Amino acid sequence: MKALVWRGTEDIRCESVPDPKIEDDRDAIIKVTSCAICGSDLHLFDHFMPGMQSGDIMGHETMGEVVEVGVGAKHSLKVGDRVVIPFTIICGECEQCRRGNFSVCERSNRNKQVADKAFGHTTAGLFGYTHLTGGYPGGQAEYLRVPFADKTHIKVPDGIPDEKLLFLSDIFPTGWQAAVQCDIQPTDTVAIWGCGPVGQMTIRSAVLLGARQVIAIDRLPERLSMAQAGGATVINFEEESVVERLNELTDGKGPEKCIDAVGLEAHATATLDSMYDRAKQAMMMETDRPHVLREMMYVCRPAGVLSVPGVYGGFLDKLPFGAVMNKGLTIRTGQTHVNRWSDDLLNRILENQIDPSFVISHTQPLERGPEMYKTFRDKQDGCIKVVLKPNGDGAFHA
Amino acid sequence: MHSPIPSTALPGYSQSSGDRLAAKLGYLSLALGAAEIIAPQAICRMLGLRDLAPLVRLYGAREIANGVAILTSHDPEPWIWARVAGDLADMATVATGLRSDNPGREASVLALAGLLAVTAVDAACARSIGSGKGNRRTAVSDYSNRSGYPKGLTAAWRDASDFKAPEDMRIPRLLRPYS
Numbered sequence: 054m055k056a057l058v059w060r061g062t063e064d065i066r067c068e069s070v071p072d073p074k075i076e077d078d079r080d081a082i083i084k085v086t087s088c089a090i091c092g093s094d095l096h097l098f099d100h101f102m103p104g105m106q107s108g109d110i111m112g113h114e115t116m117g118e119v120v121e122v123g124v125g126a127k128h129s130l131k132v133g134d135r136v137v138i139p140f141t142i143i144c145g146e147c148e149q150c151r152r153g154n155f156s157v158c159e160r161s162n163r164n165k166q167v168a169d170k171a172f173g174h175t176t177a178g179l180f181g182y183t184h185l186t187g188g189y190p191g192g193q194a195e196y197l198r199v200p201f202a203d204k205t206h207i208k209v210p211d212g213i214p215d216e217k218l219l220f221l222s223d224i225f226p227t228g229w230q231a232a233v234q235c236d237i238q239p240t241d242t243v244a245i246w247g248c249g250p251v252g253q254m255t256i257r258s259a260v261l262l263g264a265r266q267v268i269a270i271d272r273l274p275e276r277l278s279m280a281q282a283g284g285a286t287v288i289n290f291e292e293e294s295v296v297e298r299l300n301e302l303t304d305g306k307g308p309e310k311c312i313d314a315v316g317l318e319a320h321a322t323a324t325l326d327s328m329y330d331r332a333k334q335a336m337m338m339e340t341d342r343p344h345v346l347r348e349m350m351y352v353c354r355p356a357g358v359l360s361v362p363g364v365y366g367g368f369l370d371k372l373p374f375g376a377v378m379n380k381g382l383t384i385r386t387g388q389t390h391v392n393r394w395s396d397d398l399l400n401r402i403l404e405n406q407i408d409p410s411f412v413i414s415h416t417q418p419l420e421r422g423p424e425m426y427k428t429f430r431d432k433q434d435g436c437i438k439v440v441l442k443p444n445g446d447g448a449f450h451a
Numbered sequence: 013m014h015s016p017i018p019s020t021a022l023p024g025y026s027q028s029s030g031d032r033l034a035a036k037l038g039y040l041s042l043a044l045g046a047a048e049i050i051a052p053q054a055i056c057r058m059l060g061l062r063d064l065a066p067l068v069r070l071y072g073a074r075e076i077a078n079g080v081a082i083l084t085s086h087d088p089e090p091w092i093w094a095r096v097a098g099d100l101a102d103m104a105t106v107a108t109g110l111r112s113d114n115p116g117r118e119a120s121v122l123a124l125a126g127l128l129a130v131t132a133v134d135a136a137c138a139r140s141i142g143s144g145k146g147n148r149r150t151a152v153s154d155y156s157n158r159s160g161y162p163k164g165l166t167a168a169w170r171d172a173s174d175f176k177a178p179e180d181m182r183i184p185r186l187l188r189p190y191s
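Going down the list, the protein sequences come from chains V and F.
Quick note, the first sequence lines up with residues 54 to 451 if you use the numbering used here.
Quick note, the second sequence lines up with residues 13 to 191 if you use the numbering used here.
Next up, chain F with everything else stripped away, as it sits in the complex (with noise of 0.2 Å):
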């Protein structure tokens, strides 16, 4: 059936792709972060970067942030694009690795080869994120002739005078007049 709402999800499905891919890339970050926190010096030696492990441990807690940054919102999308802004940090650094005299060097190369493509995924779940989302501009923003008052505001106002309220519900005799 047609209709002119922007698709967010998946038919049947209160989430897109976009959104359970977030949601795994969210738990890479906390796990990523976790290592990076606790073993920064075992990556420093494996990819031969040399004093660079209160970086790595600072790129660690960025991560854990950013993972519950993209579990907890309900729009992950700029999350998404901050892990991108994270990845091209990471490469910078890792590319420092990439010395002919770093014994690390074949490893250095493989941890920029995985951090591209871990680039490529999450831009493009931010773009699918962005894409499926329902458009701001595209509101009816414009409701002023819904009053609800079949016979007009001025009509409605006091129309249910006849109403009487529960004693329950009423305020204290005394204390109406200050009310």
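Pulled out of the complex, with its shape left as it was, chain V reads as follows (with noise of 0.2 Å):
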């Protein structure tokens, strides 16, 4: 089959590769029918989360068509299901799963004992996501194999398009999420710093969750314009001072709710710290570069809520941790519980609530991913979505 494979730094190509099979009785293989890259594919594309391996297959966005069974998932599902993976992979059964803690399941992750040194305990399995994670193939294929089976996966009815429920797998859960650990109250500002996919869905989830404002942070006026259509007062940080325009916002007592939307990718130029933090990471002295995290510490409201959705991998510096101290901040983060909301979200789309569809920008044949990759990073072509057709269909621009 065909298959986007990780072959270095900023290295990804389309190659032919042996097709998935069962290997444990848990398994079932799919067809894929669409698949996407998501923002934190690119921490991999430039290399900055540790342990890929070169001939990794790439993806974690992924949905199709049921071909193959293990007798022990054929108790849930059957061929020709049709189904969303969720990019964290579960057992269903352990004490993490069964508290709705998905995303640290405790025995999804095959390398189990390389994340219980980098993490101090491990998390759960991630498709195409490092071997921290268990080293899984990606669904960037035309066909993905998916351990736990019988529990790691969303049904969905036949007769919607894909587009409308493939992001069920990650981004609209993280946005929901990211948006739900908020704890929003209808009197509350929430900021959200980031404008990317994940940002997009954070902010319609804190619209249908009925913050009082919403306000976005980016700098490229097309995600902008897309952040407003959400319904998001916007703030361009290469045009305006954004803890001067959040006071300003909020009678000078900033946002209750601060959402990273960013993770450990800031904008390298756009600020002084970020050009330290990028000059540390050239010199390996530092893995991430946290100025969302620095801003949002020093400008949210006492006793009011960080969230972070966005994905950060090792060693952060110059944290002003005094503040979040003194004013009493909590901090919620993690990877995404998507079967402890997919249910939930999966009924909101079929009731017209949301139709995460709005935020796709590309669709692609899976032979253009690879260059798409870079289109999607270099923030090209008004990129902010990128879809994929392992199996035909595809060639669809903004």
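Rather than coming from a laboratory, the hints here were simulated on the basis of the structure.
Source: prediction; values computed, not measured.
Incorrect hints may have been included.
Using 20 Å as the maximum straight-line C-alpha spacing, the simulated DMTMM-like pairs for lysine to aspartate or glutamate come out as follows [stated by the list, open to error]:
hint, chain 1, residue 1, chain 2, residue 2
1, F, 163, V, 397
2, V, 217, V, 408
3, F, 36, V, 64
4, V, 333, V, 292
5, F, 176, V, 64
6, V, 74, V, 216
7, V, 333, F, 87
8, V, 55, V, 72
9, V, 432, F, 87
10, F, 36, V, 195
11, V, 165, V, 77
12, F, 163, V, 408
13, F, 163, V, 216
14, F, 36, F, 113
15, V, 217, F, 171
16, V, 333, V, 99
17, V, 84, V, 195
18, V, 131, V, 211
19, F, 176, V, 404
20, V, 55, V, 68
21, V, 170, V, 420
22, V, 432, F, 154
23, F, 36, V, 293
24, V, 74, V, 134
25, F, 163, V, 404
26, F, 163, F, 174
27, V, 432, V, 292
28, V, 55, V, 408
29, V, 208, V, 292
30, V, 432, V, 203
31, F, 36, F, 99
32, F, 176, V, 397
33, V, 208, V, 408
34, V, 74, V, 211
35, V, 127, V, 203
Examples of chain V residues lying across from chain F (beta carbon under 10 Å, computed) [said to hold, decoys possible]:
hint, residue
36, 278
37, 334
38, 414
Glycine residues also receive a C-beta, built at the ideal position from the N, C-alpha and C atoms.
Hey, can you piece these two chains together into the complex? The hints should help.
Listed below in structure tokens is the structure:
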């Protein structure tokens, strides 16, 4: 089959690889009808996340049709089922899964020892996302093997386009959880850094959950226009001071809820501290560029909440933790517990509360995936979200 | 399959031939820079350049900075053009060795020819990266019709008010009025 394969820094290729096979009773194989490039895939593309190996298959936003089922998964899946695959692999049986903390499943990471060393304790296995999280082949491919498939799936109805459902795999529940874990009150101002795909979903989630005011921060006009369409007041950080403007919009008190939908690759040349981080990254003295975390910690209203869906990889420098402690801020973060929200969010799509396909700017065949990584990373051609079609059916632009 | 997206890479690859060449030039900068810093006297002796060792060492630092910038930047194009500017400075310096009484004149001529060739490669590489780039001016910059709410923005506000946040994600009751 064809798949997008990581070959090194900024080097992703569309190659022929062996078809996946059932390796365990609880496995299933799906024929991929649609997959997407996630912003967090770019951290792998740029090689800021450790644990990648040449030959790894990329991708963790995938949906398709079940074509083979292991005997241990037959009670919940059958050939022909239409499924979205959550990016977190879950056993559904461990203590964390039973509590709904699916992204920290204790059993699905087959490289548990490595993760124990890196993070202190293991987190869930993820598709196509480094050997720290299991080194499982990803879904930017014609076929995908789904481990623990009896639990790691979201069944979706026929008759609805893939584009409306695909983002149940990651960015929609990620934006939703980012907003939910802020515990949004009707009086709240919610500030969201980053208007990429997760930022856009977070804006919609905050609006649906009833925030009084939603403020979105970015620099790209196309992303800001989409944020505005979703109901956000926008701040272009290249044109105005984020801290001053946020204080203006909140009577000088700061937003109650701050959400980081940027993560470890904050724009490297926009601020002095990001340039400092970039220089330290080049010298391998720091892994991430945490400009957004610094700004959120500083501007957030006392007793407020910082929610961090943005991905961070390692060791961060010069965080104003004194502000966090003295203002009594709450920090909530983590990979998304996708299956905790999927039934509810599927219903909200079916009830027309939201149509997540609004975020798609490019649809292309899988073969053009490597080029689209670059287009997406460099924010060219108005690119906000790329959907790939491994089995035909794609060539759509904005 | 036709696509309006400018080709930024080889088909099936995330890198263009220009990107790959840029990386090689980055490593060349590092190697040349190291040589200029470690052995400026030997280089000057070979080319018959008098009293220019400190300048050659400075050029070495420039080459290393340039190489690091090429290898760590998302967009190496400006740094490849910086190499072209550096090549011109190098050529001007080496040209001082073309005087007839210079015993290293032959070596200077060869070095100049080599520098000319490298400059041509650098310029071709920078032009190739530039022409392959997607153009910000072609960006679809207006998504103001993409609300994502089939029932419209006004109806969307609090449309999910039936949602009950799980207790583990709520703020402690006593703190809620302040948060």
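Okay, the hints, checked on the actual structure:
{"no.": "1", "hint": "F/163 / V/397", "verdict": "holds (18 Å)"}
{"no.": "2", "hint": "V/217 / V/408", "verdict": "holds (6 Å)"}
{"no.": "3", "hint": "F/36 / V/64", "verdict": "holds (14 Å)"}
{"no.": "4", "hint": "V/333 / V/292", "verdict": "violated (26 Å)"}
{"no.": "5", "hint": "F/176 / V/64", "verdict": "violated (44 Å)"}
{"no.": "6", "hint": "V/74 / V/216", "verdict": "violated (27 Å)"}
{"no.": "7", "hint": "V/333 / F/87", "verdict": "holds (19 Å)"}
{"no.": "8", "hint": "V/55 / V/72", "verdict": "holds (9 Å)"}
{"no.": "9", "hint": "V/432 / F/87", "verdict": "holds (12 Å)"}
{"no.": "10", "hint": "F/36 / V/195", "verdict": "violated (34 Å)"}
{"no.": "11", "hint": "V/165 / V/77", "verdict": "holds (18 Å)"}
{"no.": "12", "hint": "F/163 / V/408", "verdict": "holds (10 Å)"}
{"no.": "13", "hint": "F/163 / V/216", "verdict": "holds (18 Å)"}
{"no.": "14", "hint": "F/36 / F/113", "verdict": "violated (37 Å)"}
{"no.": "15", "hint": "V/217 / F/171", "verdict": "holds (18 Å)"}
{"no.": "16", "hint": "V/333 / V/99", "verdict": "holds (16 Å)"}
{"no.": "17", "hint": "V/84 / V/195", "verdict": "holds (6 Å)"}
{"no.": "18", "hint": "V/131 / V/211", "verdict": "holds (15 Å)"}
{"no.": "19", "hint": "F/176 / V/404", "verdict": "holds (17 Å)"}
{"no.": "20", "hint": "V/55 / V/68", "verdict": "holds (6 Å)"}
{"no.": "21", "hint": "V/170 / V/420", "verdict": "violated (37 Å)"}
{"no.": "22", "hint": "V/432 / F/154", "verdict": "holds (14 Å)"}
{"no.": "23", "hint": "F/36 / V/293", "verdict": "violated (39 Å)"}
{"no.": "24", "hint": "V/74 / V/134", "verdict": "holds (18 Å)"}
{"no.": "25", "hint": "F/163 / V/404", "verdict": "holds (10 Å)"}
{"no.": "26", "hint": "F/163 / F/174", "verdict": "holds (17 Å)"}
{"no.": "27", "hint": "V/432 / V/292", "verdict": "holds (19 Å)"}
{"no.": "28", "hint": "V/55 / V/408", "verdict": "violated (30 Å)"}
{"no.": "29", "hint": "V/208 / V/292", "verdict": "violated (45 Å)"}
{"no.": "30", "hint": "V/432 / V/203", "verdict": "violated (37 Å)"}
{"no.": "31", "hint": "F/36 / F/99", "verdict": "holds (16 Å)"}
{"no.": "32", "hint": "F/176 / V/397", "verdict": "holds (11 Å)"}
{"no.": "33", "hint": "V/208 / V/408", "verdict": "holds (18 Å)"}
{"no.": "34", "hint": "V/74 / V/211", "verdict": "violated (26 Å)"}
{"no.": "35", "hint": "V/127 / V/203", "verdict": "holds (7 Å)"}
{"no.": "36", "hint": "278", "verdict": "holds (5 Å)"}
{"no.": "37", "hint": "334", "verdict": "holds (8 Å)"}
{"no.": "38", "hint": "414", "verdict": "holds (7 Å)"}
The structure shown violates the earlier hints numbered 4, 5, 6, 10, 14, 21, 23, 28, 29, 30 and 34.
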